[in-house]
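Here is how the chains run, residue by residue.
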Amino acid sequence: MNFLYFDPGLGAMIVQAVVAAAAGVLLFSKNAWYKVKAFFGLLKEEDDAYDSIDIDEDNDDSEINLDEHKK
Amino acid sequence: MSTKNNTHEASFRDPSGYMFHDGDILRRVINPIYFPQYNKLKESGFFGTLIKQGLLIPHTETSVADDKIVITPEHIPFITNPYEWSFQQYKHAALHTLKLQKYALSKGFILKDASAYNVTFHKGKPVFIDTLSFDFYEEGTPWRAYKQFITHFFGPLVLAKYHGTEIFKMLQTHIDGIPVKLIASMLPGKTKLSATIHTNIHLLAKMESKHSEDYKAETKVTKLSKKQQSNILESLFNFIKKLELNETSEWGNYYDKTNYETAAFEGKKKLIREWVTPLNPQRLIDVGGNDGTFARTVLDKVPDVLVTDIDSNAVDYNYTQLQENKETNMLPFVCDVLQPAPGIGFNNTERNSLIDRLKDYKPDITMALALIHHITLSGNVPFAKSAEFFAKFSGTLIIEFPKREDSWVESLLVRKREFMNHFDFYNETDFEAGYTQFFDIEKKEIVPGTKRVLYLMKRK
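First to last, the sequence lines map onto chains D and Y.
Residue numbers for the first sequence follow the working numbering, so the first one is 1 and each next one is one higher.
Residue numbers for the second sequence follow the working numbering, so the first one is 72 and each next one is one higher.
Just so you know, the hints here were simulated from the structure itself, not pulled from any lab data.
Cβ atoms here follow ideal geometry from the backbone N, Cα and C, with glycine treated the same way.
Please note: incorrect hints may appear among the correct ones.
Claimed, not checked - Here are the simulated lysine-lysine pairs, DSS-like style, with alpha carbons at most 27 Å apart:
#1 D:Lys30 with Y:Lys298
#2 Y:Lys529 with Y:Lys514
#3 Y:Lys173 with Y:Lys312
#4 D:Lys37 with Y:Lys298
Claimed, not checked - On the chain D side, residues computed to face chain Y include the following (Cβ under 10 Å):
#5 Leu27
#6 Leu43
#7 Asp54
Could you build the full structure based on these sequences and the hints that come with them?
Structure representation (structure tokens):
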């Protein structure tokens, strides 16, 4: 069942392909630049509450559960 | 547990479920139509991870039946709306949404809407509160909530960069985000040189106009791979993360400008701490509290503190500080006491007014320091009327009255020029006369070294 209770906008759906293309180029060049900087040791520590879009799954309850099983 | 007629005023669009008031407790009903999603989100550990990391509001399962599941989310003492956020807060709310969408995508889900009202601030961080916003990802489909993300988040942020944080107030008159065409028309031409802004706003506006007449829904929607969508999210994330206001001003000068002597400053802090501590308040609001300096004098004693100010920069500075200090019991937001946020949306109740929210919050103590002279002299509001305003939500009021001889008051009066005599009523006697209509004065003390009087008042 589709929970689409508002109009996403046809134009918005279509434009995403172009947006993705531009984004792809930007991310590629950002990565390349990052590698160059890393090679030359020019990287700075970025301390920011939002330094990454990715969620770290390392602290998982499941790991703790496993240990309890071992006991 | 009656669910009829107690439905939350904003909860009527999503067929997945709705929120309702069960006495004082807000609960969420999940309809059978959403059971597959809810169960998958629960069993796969998706909810678990997000809740554990403090990204999604925790909930407990209250009851499970064939026709509905009821969950109870953790209580949030005070909801701030997007038009009340400072720039960094708005940024973080946007980044938060993108973070969740990217994670959802990686686990086979998507956010079906990207409304700014899905996020609020709680325990010092943005938190996602629309638990039922997650839906199954359909391979190859573009993100249906993309346009909403642009109109609610990306657009306003980019506009604010060029035009200032006043832009955020447009979210009051445009409850579903600022229209893309309007955003595009308001941005300077040079934004077309930015690949991110050009594609996400200018091109989007063009495509919208082009396809607005597809009445028979004949145009095919293109496919978008997961990786492509992820790239959009990530590049928006990187762009927003680097966004700063063009008019950045260095905060920190306020207390220098008002030429507070250190002794007087510390004297005021001491008085506040002395008066607040024995009252043992659970909730406190500091109206016109700037960057939270005075609220911080009692932060260790009060479980829940709101700090509001008209100056978005001050709120920003406060927010940045509380993130650095990892303070979890302070919530800063932007508010103009002379025109607090009204009720908006359908029936003007979808998002309730600030005054209504404050009435529900019932602060034990309201502080109004260095505020009344602005309300009275700049806002031309008579004492009885401002007293009436505070009495709507304040049981106990700590209010600072700068006398006529105070340097700030003098300069405000002098600026009135020939109209100055109208403000002859601005004096201690008339102030007390106005306020004792609604409050009893319990304590009154001059702040040492100043021409300001601190009052402790209890509502009648």
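Structure-based check of each hint:
no., hint, in the structure
1, D:Lys30 with Y:Lys298, "holds (16 Å)"
2, Y:Lys529 with Y:Lys514, "holds (10 Å)"
3, Y:Lys173 with Y:Lys312, "holds (15 Å)"
4, D:Lys37 with Y:Lys298, "holds (25 Å)"
5, Leu27, "holds (6 Å)"
6, Leu43, "violated (16 Å)"
7, Asp54, "holds (7 Å)"
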